[in-house]
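A.B. asks: Chains as they are written, first to last, in full-length UniProt numbering: chain A, 1 to 345; chain B, 1 to 378.
Please keep in mind that the hints were generated in silico from the structure rather than gathered at the bench.
Do not take every clue at face value.
Derived pair list, reagent style DSSO-like, types lysine-lysine, alpha-carbon separation capped at 30 Å [claimed, not checked]:
hint : chain 1 : residue 1 : chain 2 : residue 2
1    : B       : Lys330    : B       : Lys318
2    : A       : Lys192    : B       : Lys318
3    : A       : Lys139    : B       : Lys330
4    : A       : Lys139    : A       : Lys192
Just a sample of chain A residues kept apart from chain B, beta carbon distances all over 10 Å, derived [as the list claims (entries may be wrong)]:
hint : residue
5    : His37
6    : His47
7    : Gln244
8    : Gly270
9    : Asp272
Facing chain A, according to a computed beta carbon distance under 7 Å, are these residues of chain B, among others [to be verified]:
hint : residue
10   : Met1
11   : Lys2
12   : Pro10
13   : Leu12
14   : Ala13
15   : Tyr46
16   : Gly47
17   : Ile48
18   : Asp50
19   : Pro228
20   : Ala299
21   : Asn340
22   : Asp345
23   : Tyr365
24   : Phe368
All residues carry an ideal CB built from backbone N, CA and C; glycine is no exception.
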Amino acid sequence: MTRTGQPLDIARGQVDLGHGAGGRAMAQLIEQLFQAHFDSPALKRGHDAALLAPPGGRLVMCTDSFVVSPVFFPGGDIGALAVNGTVNDLAMGGGVPLYLTAAFILEEGFPLADLKRIATSMARAAREAGVDIVSGDTKVVERGHGDGIYITTAGVGVVPEGIDIGGDRARPGDVVLINGPIGDHGIAIMSKRENLSFGSDIESDCQPLGDLVGAMLAAVPSTRVLRDPTRGGLGSTLNEIAQQSGIGIELDEAAIPVRREVQSACELLGLDPLYVANEGKLIAVCPPDDAERLLAAMKAHPRGRQSAIIGRIVEDERRFVRMVTGFGGTRMVDWIAGEQLPRIC
Amino acid sequence: MKYVEEFRDPKLARTLSAAIAAEAGSGRSYRFMEFCGGHTHAIARYGIEDLLPANIRMIHGPGCPVCVLPAGLVDAAIALSTQHDVILCTYADLMRVPGSKFDSLMKAKARGADIRMIYAVTDALRIATENPDRAVVFFAIGFETTTPPTAVAVKRARDLGLTNFFVHCNHVLTPAAMRAILDGRGEGSVLLDGFVGPSHVSTIIGTDPYEEFVRDYAKPVVITGFEPLDVMQGVLQLVRQVNDGRVAVENEYSRCVSRDGNRVAQAMMAEVFDLRDSFEWRGLGEVPHSALKIRDGYAAFDAERHFGLDLPEARENKACACGEVLRGEKTPSECGIFGNPCTPDNPLGACMVSSEGACAAHWTYGRFRQGEKPAVRA
Numbered sequence: 001m002t003r004t005g006q007p008l009d010i011a012r013g014q015v016d017l018g019h020g021a022g023g024r025a026m027a028q029l030i031e032q033l034f035q036a037h038f039d040s041p042a043l044k045r046g047h048d049a050a051l052l053a054p055p056g057g058r059l060v061m062c063t064d065s066f067v068v069s070p071v072f073f074p075g076g077d078i079g080a081l082a083v084n085g086t087v088n089d090l091a092m093g094g095g096v097p098l099y100l101t102a103a104f105i106l107e108e109g110f111p112l113a114d115l116k117r118i119a120t121s122m123a124r125a126a127r128e129a130g131v132d133i134v135s136g137d138t139k140v141v142e143r144g145h146g147d148g149i150y151i152t153t154a155g156v157g158v159v160p161e162g163i164d165i166g167g168d169r170a171r172p173g174d175v176v177l178i179n180g181p182i183g184d185h186g187i188a189i190m191s192k193r194e195n196l197s198f199g200s201d202i203e204s205d206c207q208p209l210g211d212l213v214g215a216m217l218a219a220v221p222s223t224r225v226l227r228d229p230t231r232g233g234l235g236s237t238l239n240e241i242a243q244q245s246g247i248g249i250e251l252d253e254a255a256i257p258v259r260r261e262v263q264s265a266c267e268l269l270g271l272d273p274l275y276v277a278n279e280g281k282l283i284a285v286c287p288p289d290d291a292e293r294l295l296a297a298m299k300a301h302p303r304g305r306q307s308a309i310i311g312r313i314v315e316d317e318r319r320f321v322r323m324v325t326g327f328g329g330t331r332m333v334d335w336i337a338g339e340q341l342p343r344i345c
Numbered sequence: 001m002k003y004v005e006e007f008r009d010p011k012l013a014r015t016l017s018a019a020i021a022a023e024a025g026s027g028r029s030y031r032f033m034e035f036c037g038g039h040t041h042a043i044a045r046y047g048i049e050d051l052l053p054a055n056i057r058m059i060h061g062p063g064c065p066v067c068v069l070p071a072g073l074v075d076a077a078i079a080l081s082t083q084h085d086v087i088l089c090t091y092a093d094l095m096r097v098p099g100s101k102f103d104s105l106m107k108a109k110a111r112g113a114d115i116r117m118i119y120a121v122t123d124a125l126r127i128a129t130e131n132p133d134r135a136v137v138f139f140a141i142g143f144e145t146t147t148p149p150t151a152v153a154v155k156r157a158r159d160l161g162l163t164n165f166f167v168h169c170n171h172v173l174t175p176a177a178m179r180a181i182l183d184g185r186g187e188g189s190v191l192l193d194g195f196v197g198p199s200h201v202s203t204i205i206g207t208d209p210y211e212e213f214v215r216d217y218a219k220p221v222v223i224t225g226f227e228p229l230d231v232m233q234g235v236l237q238l239v240r241q242v243n244d245g246r247v248a249v250e251n252e253y254s255r256c257v258s259r260d261g262n263r264v265a266q267a268m269m270a271e272v273f274d275l276r277d278s279f280e281w282r283g284l285g286e287v288p289h290s291a292l293k294i295r296d297g298y299a300a301f302d303a304e305r306h307f308g309l310d311l312p313e314a315r316e317n318k319a320c321a322c323g324e325v326l327r328g329e330k331t332p333s334e335c336g337i338f339g340n341p342c343t344p345d346n347p348l349g350a351c352m353v354s355s356e357g358a359c360a361a362h363w364t365y366g367r368f369r370q371g372e373k374p375a376v377r378a
C-alpha cells in the first residue's frame with residue numbers, strides 16, 4: 001500500500017480521465033509515478049508551488065513544450081528531451097541550471113508503463129544535468145484530443161558573475177565553434193517515422209549541455225554567443241545570430257562535422273544536414289584570440305570531443321550566412337523555408 | 001559516402017575548373033541550358049558558378065515537375081480534395097504550389113481537406129487498402145523518372161482488385177519540352193549552344209530520344225549526372241563540342257544511362273499510359289504530345305474520368321515571370337517580384353516553390369551574388 005491507496009497497475013494500466021480529475025486517482029499517479037521517480041524534496045511536500053531559497057545573482061528562466069513523435073526514439077525519449085531541452089536553453093543563456101517544473105498533457109488511453117518509462121527517463125536526465133524537478137501538473141484530455149503525451153517544462157538557473165551571453169553580441173572577426181556532428185537527432189526521429197522508416201543506427205544526440213557550458217565559460221569567460229541549434233538546425237540558428245548581431249557569417253563546409261550515416265540518410269531523403277534538428281549541440285561565438293582556448297576546453301569535455309571551428313563572423317549589412325562549399329564554390333545558407341521537403345526526382 | 005564523395009572531390013573540381021577555363025578561353029560566350037531542376041539545384045548548392053568562367057552562362061530549364069504544373073491543375077487537386085471527399089495523396093513538393101487566388105493544397109489541408117504527403121506511390125496504395133470506404137486519389141506529377149512507379153501502382157491496384165484507388169495523371173515528357181523550347185513556343189525563343197541533358201530521366205528513356213536535337217536542331221546534348229563533378233564534366237564536354245564545331249549526343253552519365261534506357265520501365269509505361277494530344281505547361285503553354293494519360297484499359301483507375309472535373313479557367317499571377325524564367329529568357333532576379341514579395345516562404349510563382357525551381361535555388365543559395373563579385377575562385 002502507498003499513501004494514496006492501491007499501487008497503480010503500471011504493467012497493464014492506462015491513463016483514464018480520472019487521472020486528471022483532481023481526486024484520488026490523480027494523487028496516486030502523481031505520488032507513484034512522478035514523486036517516486038523525481039525524488040525532489042520540494043516536490044514531495046506536495047504543494048502546487050515549490051518553495052525555493054533565492055540563489056543570488058542574475059537569474060535565467062525559460063520554458064519549452066515537447067510534442068515529439070514517436071515518443072520513444074533511438075537515443076532518447078520525450079522525457080529526456082523535455083529535461084535536456086530546457087536545461088540547454090538555460091545553459092545557452094550562460095546560466096547554471098537549478099530547477100525545473102514539468103507539466104504533462106496526457107491522452108486518455110496512454111499506457112502507464114510508457115508513462116513510467118518517461119518519468120524514469122526524466123529523473124535520470126535531471127540527475128545527470130544536476131537539476132531538481134520541483135513542481136508539476138497533470139491534465140488528461142479525451143482520446144483523440146492529444147497525441148499520447150505532451151510535456152512542457154520550465155526552468156530557472158543562475159548566471160555567474162562576469163558572464164554576458166547574448167545572440168546580439170557577435171562581432172566581425174569573431175570565431176564560430178560547434179561541439180560535434182550535426183543532424184543526429186532529426187535523422188534518428190525521421191528513421192522511425194511511420195511512413196519513412198529506414199534501417200539506421202543513428203541515435204539522437206539528446207544530452208544536457210550545462211556542464212560543458214560551465215567548462216567553456218570557466219576557460220573563456222569572454223564567450224559572446226551560445227545557441228543550441230535545435231529545430232531548423234545549424235543553418236537557421238546561425239541566421240538568428242546574424243540577424244540579432246547585425247553581422248554576416250562565413251562558414252567552411254568542410255569543417256562542419258557530420259556523421260557519415262547522417263550524410264547518407266540526408267542524401268536518401270533529399271535533406272540538407274544544415275537544417276536537420278539537434279538536441280545536444282551548441283554553437284559558440286568568441287573573440288578570435290580566445291578561439292583556440294575555447295576549442296581546447298570543449299574538446300577536453302566528454303560532450304565536446306568532436307568540437308570544431310566552423311566559421312567566422314564578418315561585416316555584412318545584409319546579414320547573410322554564406323558557406324564555402326566542400327566542392328570549392330560559395331553559396332548562401334538561408335533561413336529554412338517551411339519544413340524541409342524531400343525532392344521527388 | 002562511397003560512390004558519392006568521389007563525385008564531389010574539390011581537387012578534381014579545381015582541375016576541371018581550370019580545364020574548362022582554358023578551353024573556353026577563346027573569347028566567345030557559351031549559353032548552356034541545364035534542363036533538369038536537379039542540375040539547377042546542384043549548381044546552386046555547390047556554388048558551381050564560382051568554378052565556371054564568366055563567359056559560360058547556365059540557363060535554368062523547365063525540368064522541375066512542380067514548377068511546370070499550371071495553376072489550373074493545382075486548382076483541380078484542391079477541388080478533388082475539398083469537393084469530392086477523397087483522400088488526396090501527393091508528393092510533398094506540390095503542397096505549397098500556388099493555384100488560382102493564392103490557394104494551395106497546404107491551405108486546403110489547413111481548412112480540413114484530407115491530404116496526405118507521401119514519399120512513394122506505394123504509400124497511396126496502402127492508404128487505399130486501409131480505407132476501403134474512401135476514394136483515394138494519387139495526384140501524379142513528374143517526368144519520366146516518376147512515371148514507371150505510377151504505372152506499377154495502377155497495375156498493382158488492378159491485381160489487388162481495388163475499386164477506391166485513382167490516379168490523376170499529370171506525367172510529362174522531357175523531349176517534348178526541349179522541343180518546345182527550341183521551337184520558341186511561348187513568347188520567344190532562346191539562343192542555346194547546347195543542353196546539359198537529364199540524368200535520372202535518361203536512365204529510363206536512354207540516350208536515343210535526344211538524337212532529334214542533334215539531327216533537327218543541331219544542338220549538342222550531354223547527358224550528365226546530378227553530382228557536381230558530373231555537371232562540370234558535362235559542361236566541359238559541351239564546350240569541346242562547340243569549339244570543335246561538333247554536334248552529338250554524348251553520355252557523361254554512362255554509369256547509369258544506356259542507349260536504350262530501361263526497357264522494362266518503358267514497356268510498363270506504354271501498357272498503362274497513352275500520349276495526350278496536348279498538355280498545358282506553366283511557362284510553355286500548350287505543348288503537343290508532351291504528357292501522358294491513362295489508357296482505356298485502365299480507365300477504372302483514372303481520376304479524371306471518374307470525377308469529371310469541370311473547373312473555371314485558371315489565372316496565373318500576372319506579375320510573375322515564371323514563364324520567361326522557365327524558357328530561359330529571364331534570370332530569376334530579372335523578375336519584378338523576385339524577393340519582394342515572392343520568396344520561398346511566400347511563393348507567388350511555382351519556380352519559387354520547389355528547391356529545384358530556378359527562383360528558389362537562386363534565392364536560397366545565390367542571391368548574395370547580386371551586385372558583387374563571387375567570394376571564392378578556384
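A.B. asks: If a hint holds in the structure, say so; if it does not, say that too.
C.D. replies: Hints versus structure:
Simply put, B:Lys330 and B:Lys318 have alpha-carbon atoms about 15 Å apart, close enough for the 30 Å limit, and the pair holds. Among the hinted pairs, A:Lys192 with B:Lys318 is inconsistent with the structure: their alpha-carbon atoms are about 44 Å apart, more than 30 Å. The suggested pairing of A:Lys139 with B:Lys330 is violated, with an alpha-carbon distance near 57 Å, which exceeds 30 Å. Only pairs whose Cα atoms come within 30 Å are accepted, and A:Lys139 paired with A:Lys192 is accepted, the gap being roughly 27 Å.
Once the 10 Å rule is applied to beta carbons, A:His37 is consistent with being away from chain B; the minimum gap is 38 Å. With a least CB separation of 42 Å from chain B, A:His47 remains clear of the 10 Å interface cut-off, as annotated. No Cβ of chain B comes within 10 Å of the Cβ of A:Gln244; the nearest lies about 19 Å off, and the non-interface call holds. A beta-carbon of chain B comes within 10 Å of the beta-carbon of A:Gly270; the shortest separation is about 8 Å.
Listed as outside the interface, A:Asp272 is inconsistent with that label: its C-beta sits roughly 8 Å from the nearest C-beta of chain B, within the 10 Å cut-off. Below 7 Å, beta-carbon pairs count as interface contacts, and B:Met1 has one with chain A at about 5 Å; its hint therefore holds. Given hint, B:Lys2 at the interface with chain A, is violated; its Cβ is 9 Å from that chain's nearest Cβ, farther than 7 Å. Restraint check, B:Pro10 versus chain A: the minimum CB separation of about 5 Å is within 7 Å; hint holds.
For B:Leu12, the suggested interface contact is broken, since its CB lies about 10 Å from the closest CB of chain A, more than 7 Å. Interface restraint check for B:Ala13: the shortest CB-CB distance to chain A comes to about 5 Å, inside 7 Å, so the restraint holds. The criterion of a C-beta within 7 Å of any C-beta in chain A is met by B:Tyr46, whose closest approach is roughly 4 Å, and the hint holds. Because the smallest distance between the Cβ of B:Gly47 and any Cβ of chain A comes to about 2 Å, under 7 Å, the interface hint for this residue holds.
With its C-beta approaching chain A no nearer than about 6 Å, B:Ile48 sits inside the 7 Å limit, and its interface hint holds. For the restraint placing B:Asp50 at the interface with chain A, the shortest Cβ-Cβ distance is roughly 4 Å, inside the 7 Å limit, so the hint holds. Because the smallest distance between the Cβ of B:Pro228 and any Cβ of chain A comes to about 5 Å, under 7 Å, the interface hint for this residue holds. The beta carbon of B:Ala299 is not positioned within 7 Å of any beta carbon in chain A (closest approach about 26 Å), and the interface hint is therefore violated.
Taking 7 Å as the C-beta cut-off, the interface hint given for B:Asn340 is violated, the closest approach to chain A being about 14 Å. Among the interface hints, the one on B:Asp345 holds; its C-beta lies about 5 Å from the nearest C-beta in chain A, closer than the 7 Å criterion. With 7 Å as the threshold, the beta carbon of B:Tyr365 comes within range of chain A, its nearest partner Cβ sitting at about 4 Å, so the hint holds. Hint on B:Phe368 holds. Least Cβ distance to chain A is approximately 5 Å, under the 7 Å limit.
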